[in-house]
Amino acid sequence: MSLAAVLVVMVAAVLIGAFGIRVSRTTSDFYVASRTVSPLWNASAIGGEYLSAASFLGVAGLILSYGVDMLWLPVGWTGGYLVLLVLVSAPLRRSGAYTLPDFAEARLESMTVRRTASVLVVLIGWLYLMPQFQSAGLVLRSITGAPVWAGGLLVAVVVAVNVLSGGMRSITFVQAFQYWLKLTALAVPLVFLLMAWRDDGAPPVTGDDAGAWLVPLGGGKEYALYSTYSLILATFLGTMGLPHVLVRFYTNPDGRAARRTTLVVLSLLGAFYLLPALYGWLGRVYAPDLVRTDEVVLALPQRMIGGTLGDLLTALATAGAFAAFLSTSSGLTVSVAGVIAQDLLKGGVRSFRVATLMAVVVPLGLALWARALPVADVVGLAFAVAASSFCPLLVLGIWWRRLTTTGALAGLFVGGGLACGAVLATVIGGPYEGPAGALLAQPAAWTVPIAFTVMVAVSFLTPDRVPPGVARTMVRLHAPEDLDVDRGDWRPRSS
Amino acid sequence: MEYVVGAAVVAVLVSVPAIVLWRVMRGRRELGTSPAERATFETLHTASLAGPPLRAGLTADGAERASRHLRELLGSSALAITDRERLLVYDGAGDHHAGQAFGHAAATLEDGRTQVLTIDCDLLECPIRQGVVVPLTTDERVVGALAAYGPNASAGLVRAAQEVAGWVDSQLELAELDRSRTRLMEAEVRALRAQISPHFIYNSLTTIASFVRTDPERARELLLEFADFTRYSFRRHGEYTTLAEELRSIDRYLTLERARFGDQLQVTLRIAPEVLPVAVPFLCLQPLVENAVRHGLESRNGVGRIAIVAEDAGAECRISVEDDGLGMDPDRLRRILAGEISSSSGVGLANVDERLRQVYGDEYGLVVETGQGAGTKVNVRLPKYHPGVSTR
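Sequence lines, in order, name chains B and R. Numbering follows the UniProt record's numbering, with no gaps: position 84 of the first sequence is 84. Numbering follows the UniProt record's numbering, with no gaps: position 48 of the second sequence is 48.
Just chain B, same shape as in the assembly (with noise of 0.2 Å):
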């Protein structure tokens, strides 16, 4: 049953990669097909792409094995986005920049800071593929008995065939669906969940460490508190450097509908991020004993209801989670192989070709060799690597006049140096035991910090390397759109 909604949804990814949706239509309904991708369809593809395999499967799993604190995960994923909508959405999308590394160059008006934002860029984006893969993997082998590799093969053939042929780019109204299967494929089976919690006498969370598992801190995790005001800063800080998100928000006509995107994702995310957390508690009151825990989400129907409707519900998350693994996957692929080809590659068609089987190969090669973390943990790594470097970058860049493009570069150096070091050691020797350890596997209450702070020292040291055109970038990022004040005109490429 499982695998027969495993099929139908990858069967369903080809066929919508292979032939698009073509639908044409004549000028009469012209009018109707001018109308620009309003927030709501917007904000649903976002958090289509957004709702990894971390956020379906991981979040239960965490918040099964450590207790409330993981609470903080799906906080922090949607906290992200308040920051993002403050200092950060508007000012972006009136840039005019498309990826992270056209903003760059946009901002400091320097082609060495573009390829540094394009290396991080990569970096990010294979850091967060690999763990989907991995739980892909899990999760086949869960429902078929497979070996590991073949679920995340299976996911990175599918993504690379369907971007090669140019399918599932980036259409809106498919990503927006993504949305609402996967909470459809959450909800669902929670609501029969909840009934059958309720006829068994709504027993409450038992076990000898119960009263722990209920109260902050109290996990049994050493430098509980450190690592979770790490996380916060990781998270808050880190969803406006995903390059996957950030490009859906050119398709926002201006900084306005930019804004009022940001906000219904903050709904849509918080609604989503309601039920993993339902899950956990609900493993923890069913399923303690759990190996595996980043699979509770799949275990609970049959565990907790049964035959053939646990088969069904178990079908349905299932699918749910191929959703999720498919359009997190293609979205990053297709934001990290583009990042490739035009700053890496020659750019045109071929470099395409080369620069998608690059994106795809190297994060599966990571997913079979590298030790299984927690897909939540190695998801909340590559927001590490994201908040050490690109929100600096993005939130000085934006309300610092006074930032150099040496500042900028240095920051960008250490803060992204510092952050991949940290997670290499974590994810290829790790865990490492001690302090050591918990600074290595939550480098984000450091790396931020310093990051920011060599920024704006670099900056202060070099005056004379402000990018000349700052007054009108800021401008143009600021003023809103019907304002009518000069924001430049183009000129011709000096060399």
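Please note that the accuracy of each hint is not assured.
To be verified - Computed cross-link-like contacts, SDA-like style, restricted to lysine to any residue with a CA-CA straight-line distance of at most 25 Å:
#1 R:K377 x R:M185
#2 R:K377 x R:E363
#3 B:K346 x R:E64
#4 B:K346 x R:A313
Rather than coming from a laboratory, the hints here were simulated on the basis of the structure.
Please build the complex by placing chain R on the supplied structure of chain B, with the hints as guidance.
For chain R alone, kept in the frame of chain B given last:
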């Protein structure tokens, strides 16, 4: 075990940049074998370092960055560069002479001749005793002066200063060339702004006139469409607009054309909503659509079909305008686009092609698929982001 792996990771992270850096440094040192060769290389290298800052013209910033390298080339104790109004930079020993440097250059700026000066200085240890001032000229006009100072103005220093000034002159001329090329490109882009054809205005008005008695309501609507269309096309501000605006104008144009041709003209539009906010050069699609209408319809009897498709393709947007008309001879089209022959039908295409290349670079020119009797399909690629291109 874990510590070993961790240490290995750190070691790799540290050693790779170190090795790269070492290779770069070593590569530089290995230049040349004999002392003469090495001297030549070093001189050429210094000259190449001084060149780029001067390519922006004679500015304080450029002069300051070039001066160190120029002084190295001359081997003088100090060096000053002035333009006609003020001192741009004084580099080297004896800073207290900086204030006098523009005065030293005054005579040279006046008559454009090289002069050798003796400088009075009360400080015993000051190395600046004599100076050579040479003019910097562009188009046989003195635009500034270069002064080299040292303990004595040997014939060698005079000669070197003249040679270096000549080299700086050529850089400044290149800068002038760059500037005029930029101005030319800007003027061209402005001049290339497509104009709507007088035929279209005439034909639209006649069509509307034909409706005035039979269907006044329709005539009124068409007249309003026409007014909106002309207001958009004649607007003066801004080189760029959004694809949504451009398509709206095309829609008005097609409404007017369909009023004229009725069922003979069938139009299909497939527009991905994701690409509507893309900034595009003003009126860059209009000529293509006009061309398609003319080709699809006027050259044969029957029904003309036109398809306009805009698709999202990652960092780009792909637009195609297709008609099922008579098509063209590819060779002839190539020559029209290259500007070798002029043809009334190809002017719009060539114009759009040129503007796209000017703005986005040569790889973004038009791609036309056509053949005799096979219809025509014009493909345009537009990057979603290009530095300096924005709608407002």
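Checked hints:
1. R:K377 x R:M185: Status violated; Cα separation ~28 Å.
2. R:K377 x R:E363: Measuring from Cα to Cα gives roughly 18 Å; hence the hint holds.
3. B:K346 x R:E64: Violated. K346 (chain B) to E64 (chain R) sits at ~35 Å, over the 25 Å cutoff.
4. B:K346 x R:A313: At roughly 17 Å apart (the allowed maximum being 25 Å), A313 (chain R) and K346 (chain B) satisfy the hint.
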